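Construct the complete structure from the given sequences, taking the supplied hints into account.
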Amino acid sequence: MKGNRILPNNHFRKTSLKIKVHHDPETKLRIMKEKKIRKAKSLFPMPLEKLRPIVRCPTIRYNRNERLGRGFTAAECNKAGLDYRHARRLGIAVDLRRRDTNQETLDKNAERIKTYLSKITIYESIQEAREKGAKPYAKEIMPLPKTKPVVESISREEIASYE
7 MKGNRILPNN HFRKTSLKIK VHHDPETKLR IMKEKKIRKA KSLFPMPLEK
57 LRPIVRCPTI RYNRNERLGR GFTAAECNKA GLDYRHARRL GIAVDLRRRD
107 TNQETLDKNA ERIKTYLSKI TIYESIQEAR EKGAKPYAKE IMPLPKTKPV
157 VESISREEIA SYE
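The sequence shown begins at 7 in our numbering and counts up by one.
In short, the hints are calculated from the structure, not lab data.
Being a predicted model, the structure only gives us computed values, none of them experimental.
By construction, the Cβ of each residue, glycine as well, lies at the ideal position given by its N, Cα and C atoms.
Do not rely on the hints blindly, as some may be mistaken.
Claimed, not checked - Taking lysine-lysine and the BS3-like style, the derived pairs with C-alpha atoms no more than 27 Å apart in a straight line are:
| # | residue 1 | residue 2 |
| --- | --- | --- |
| 1 | K39 | K24 |
| 2 | K42 | K125 |
| 3 | K34 | K47 |
| 4 | K152 | K120 |
| 5 | K138 | K114 |
| 6 | K47 | K125 |
| 7 | K154 | K39 |
| 8 | K141 | K120 |
| 9 | K120 | K154 |
| 10 | K56 | K145 |
| 11 | K56 | K138 |
| 12 | K125 | K45 |
| 13 | K39 | K26 |
| 14 | K85 | K39 |
| 15 | K141 | K45 |
| 16 | K56 | K39 |
| 17 | K141 | K34 |
| 18 | K125 | K114 |
| 19 | K34 | K45 |
| 20 | K42 | K20 |
| 21 | K120 | K138 |
What the hints assert, rightly or not - With beta-carbon atoms standing in for the labels, derived distance ranges:
| # | residue 1 | residue 2 | range |
| --- | --- | --- | --- |
| 22 | K152 | Q109 | 23 to 29 Å |
| 23 | F50 | P149 | 18 to 24 Å |
| 24 | N10 | K39 | 53 to 59 Å |
| 25 | Y168 | R62 | 28 to 34 Å |
| 26 | T33 | Y129 | 46 to 52 Å |
| 27 | H92 | F50 | 31 to 37 Å |
| 28 | T21 | I126 | 46 to 52 Å |
| 29 | K39 | R67 | 35 to 41 Å |
| 30 | R19 | Y68 | 36 to 42 Å |
| 31 | L96 | P149 | 37 to 43 Å |
| 32 | L123 | Y68 | 28 to 34 Å |
| 33 | V156 | L49 | 26 to 32 Å |
What follows is the structure, given as structure tokens:
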């Protein structure tokens, strides 16, 4: 060590051991892919993702935007003619904490469940699914269509003639 300085004897806390450092991202990527394949095998023939409801974002700033939520309410499942416990077994996400604030979203999400039920195939056993050649769906189920909001314009003449 250069110079007449103190010899370092740092007493670090154990919190430094809790920090996760990824020095090998390629290995992490391979492990994640293997986990996804294992999950697909264990869930066969169910899809990897669950069906999610369409909800509005909170706060005044974002409430015009729609996104996929955490899960359907029990009322939405009942309106679609399905018990929420049975819905979970069919690959539909259910969140009992969420509540419906208006009739429009209740109807929209109930219709979403009905559309999903009309598209899925239910097998009696795993052997039957393998015989029919079923493959688990790995992508997002019924994603939200990207739509831009329509903005209507008013001419100056219409504004002037309003009074």
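To see whether the hints hold, each was checked on the structure:
no., hint, in the structure
1, K39 x K24, "25 Å, holds"
2, K42 x K125, "24 Å, holds"
3, K34 x K47, "20 Å, holds"
4, K152 x K120, "21 Å, holds"
5, K138 x K114, "32 Å, violated"
6, K47 x K125, "22 Å, holds"
7, K154 x K39, "34 Å, violated"
8, K141 x K120, "22 Å, holds"
9, K120 x K154, "26 Å, holds"
10, K56 x K145, "10 Å, holds"
11, K56 x K138, "22 Å, holds"
12, K125 x K45, "23 Å, holds"
13, K39 x K26, "20 Å, holds"
14, K85 x K39, "38 Å, violated"
15, K141 x K45, "13 Å, holds"
16, K56 x K39, "19 Å, holds"
17, K141 x K34, "26 Å, holds"
18, K125 x K114, "17 Å, holds"
19, K34 x K45, "16 Å, holds"
20, K42 x K20, "33 Å, violated"
21, K120 x K138, "24 Å, holds"
22, K152 x Q109: 23 to 29 Å, "26 Å, holds"
23, F50 x P149: 18 to 24 Å, "22 Å, holds"
24, N10 x K39: 53 to 59 Å, "55 Å, holds"
25, Y168 x R62: 28 to 34 Å, "31 Å, holds"
26, T33 x Y129: 46 to 52 Å, "36 Å, violated"
27, H92 x F50: 31 to 37 Å, "20 Å, violated"
28, T21 x I126: 46 to 52 Å, "48 Å, holds"
29, K39 x R67: 35 to 41 Å, "38 Å, holds"
30, R19 x Y68: 36 to 42 Å, "40 Å, holds"
31, L96 x P149: 37 to 43 Å, "19 Å, violated"
32, L123 x Y68: 28 to 34 Å, "30 Å, holds"
33, V156 x L49: 26 to 32 Å, "40 Å, violated"
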